[in-house]
Amino acid sequence: MPVCTRLVRPMSEPPAIEVRGLGRTFRRARTSWHRPGSAVSAVREVDLTVAAGERFGVVGESGSGKSTLLRMICGLDQPTYGSVQVRGRAVAGQSWRALQWLRGEVGVVFQDPMGSLDPRMRVGEAIAEPLLAQRIGDRSSREDRVRELLVAVGLPPEAARRYPHQFSGGQRQRISIARALAPSPSILVADEPVSALDVSVRAQVLNLLNDVVSRRGLTLVFVSHDLLVVRQVCDRVAVMRRGELVEVGDTARVFADPQHEYTRELLASVPTLPPLR
Amino acid sequence: MSGEVAAPVLEVEGLDVATGSTALLSQVSFSIDAGERVGLIGESGSGKSLTALAVMGLLADGVYVRGHVRLHGGPENLLEHSARQWAAVRGEEMSMVFQEPMTALNPTMRVGAQVAEVIRLHRGVSRAEGLRRADDVLEQVGLEAAQTSRAYPHQLSGGQRQRVVVAIALACDPRLLICDEPSTALDVTVQARVLDEIVSGVASRQAALLFITHDLAVVAQVCERVLVMYGGRIVEAGPVREVFAEPRHHYTAGLLAASDLSAVEPGAALPTIEGTVPAAGQLPTGCVFRTRCPAADEACEDQPPWTARAPGSAPSEAFGYACMHPAGETDE
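Residue numbers (our numbering), protein chains in the order written: chain A, 1 to 277; chain B, 1001 to 1332.
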């Protein structure tokens, strides 16, 4: 039994995320009058369980189905088959309206903060919007919450009055994190949150993510194509290729002793700094 | 070693770039020899791409440039070229690979024709001959010409597209290739292959390579020499091995520490550089890095002189740093 220093919830609690036999098929645009477009299986037969308090990584190349899987977990896309449960409640097959509770349970941080923040909305409004949508608090309590969140992600409270374009990429990603945390979710989902950032800023944002996840006892689902980043952040990792999970295991084990051919290929391709000093 | 010293392929001297009263680049000087692979690193906003654009003569209107850019020791200053003169140099003597292949390629033109275009423009060959030579170049970068030549860019994957851009850049055997973040948009496995194509393409032509990236691991893999840029100035330069093993400028040291994820225990806090790159025009006087530097004091309010790495030797632009309190001396 490995020593676990992180928060472990009692066994009776359902896993944070449970995915069973999940698949999603897209249709290509039709190229003929007579036949429908061909089908693409973006995700096929995926099973995975993320325990509460766990930091779970998903790695794979573009087109491997990472983001599609993530979107289905967050209820942003409906699976073709299979089931998704978040904290024991069904997500797959539910109407948009019936998933209200999920929006308060799962916070999402996307890759490109400029694309995920409305350029015409002040930062304060953007962060308060999830609260407004959930009808949490009144105006003044929401304003307090925005200030508190900005400070928590390392920005001055005055930032609330400014617009996204007035911030650098790293600061915008901090704003996205603040917005994801606004309704006090128990699960934080991050889709390539540092891929668009410089190395120095990447370290700052990763530290911040690590910090908020451990301080708030969140479950983290972290999607990235960068294996070194995943190793730094996650306890357990799933390697995805062509819609399938080819390997799932403890991060340290997967990196030290990859079982699948594809995982080995991925690891060999990562450029590394020569040993210094 | 031959007796006569060959002139460097690219010589940049005292390059200043500014808009209005805002300085964007200050006194950028470096040179690259034939067959040499030089990396240019720094955070976004540090002036890397601007340097490449200035060298390629691609700066926007309203951006003023001063200094000298010379190709293989020639007498003329490229910066004084007319648009027509530039057009003869670009694609022939030097060419560039951009970050995003989908925007660098013409979406309405078949890939083979795009490679042939640059050959026909500079070599004056017929359409058929251009396409034939284009196929050769496509094969050289690891694409199957029979299948890709007649494809449109949207039918190719990201890695294939970037190879096409590399093929266009190498089609006329340039003496200088500039790559601006060529692999940032690619997956790791694809990135490894595209970087191989770039390095072998440059090596087989004995061309000089200026390789811009923010990924230090990629620089370590591709380049022999490195220039570190911050706030529109080169703050440190030298062989990759020495600079990475023993950074003298605190900015280089900070970048290295933040990049080296394998040096930190999983889950532990990563070292960072405090703050962010100041916007152009808001850089401090003196040392550009002093507002974020852990070792800064009053002495840094003056512009630090360029110091040779090896004590006692003459200061060389290729082998030195600009710092009052070099890292590695004050720490111990």
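Fair warning: there could be bad hints in the mix.
Going by beta-carbon spacing under 7 Å, a handful of chain A positions derived as facing chain B [what the hints assert, rightly or not]: (1) Gln-166; (2) Ser-168; (3) Glu-192; (4) Asp-198; (5) Ser-200; (6) Gln-204; (7) Gln-232; (8) Arg-236; (9) Leu-267; (10) Ser-269; (11) Val-270.
Just so you know, these hints were derived from the structure itself, not from any lab. Keep in mind that this is a model prediction, so the values were computed, not measured. Note that the Cβ used here is the ideal one computed from N, Cα and C, for glycine as well.
Exercise. Was the hint right that Asp-198 (chain A) lines chain B, CB cutoff 7 Å?
Worked result: holds, 4 Å
Exercise. Was the hint right that Ser-200 (chain A) lines chain B, CB cutoff 7 Å?
Worked result: Interface hint status for Ser-200 (chain A): holds (4 Å vs cutoff 7 Å).
Problem set entry | Restraint check, 7 Å cut-off on beta carbons, for Ser-269 (chain A) near chain B | Holds, about 4 Å.
For this session: Using Cβ atoms only, decide whether Arg-236 (chain A) comes closer than 7 Å to chain B, and label the hint accordingly.
Result: It is violated, given that the least Cβ distance between Arg-236 (chain A) and chain B is near 12 Å, above 7 Å.
Exercise. Does Ser-168 (chain A) pass the interface hint, meaning its C-beta sits closer than 7 Å to a C-beta of chain B?
Worked result: The hint holds - Ser-168 (chain A) has a Cβ within 7 Å of chain B, the shortest such distance being about 5 Å.
Problem set entry | Status of the hint placing Gln-232 (chain A) at chain B (closest C-beta pair under 7 Å) | holds, 5 Å
Problem set entry | chain B contact restraint on Leu-267 (chain A) - CB to CB distance below 7 Å | violated, 9 Å
For this session: So, Gln-166 (chain A) near chain B? Judge it on the closest CB pair being under 7 Å.
Result: violated, 10 Å
For this session: Verify the interface restraint on Glu-192 (chain A): the C-beta must sit less than 7 Å from at least one C-beta of chain B.
Result: Hint on Glu-192 (chain A): violated, closest Cβ of chain B at ~12 Å, above 7 Å.
Exercise. For the hint on Gln-204 (chain A), does the least C-beta distance to chain B fall short of 7 Å?
Worked result: holds, 5 Å
For this session: Against chain B, run the beta carbon of Val-270 (chain A) and see if the smallest gap drops under 7 Å.
Result: Val-270 (chain A) check passes; min Cβ-Cβ to chain B is 6 Å, inside 7 Å.
The structure shown violates the earlier hints numbered 1, 3, 8 and 9.
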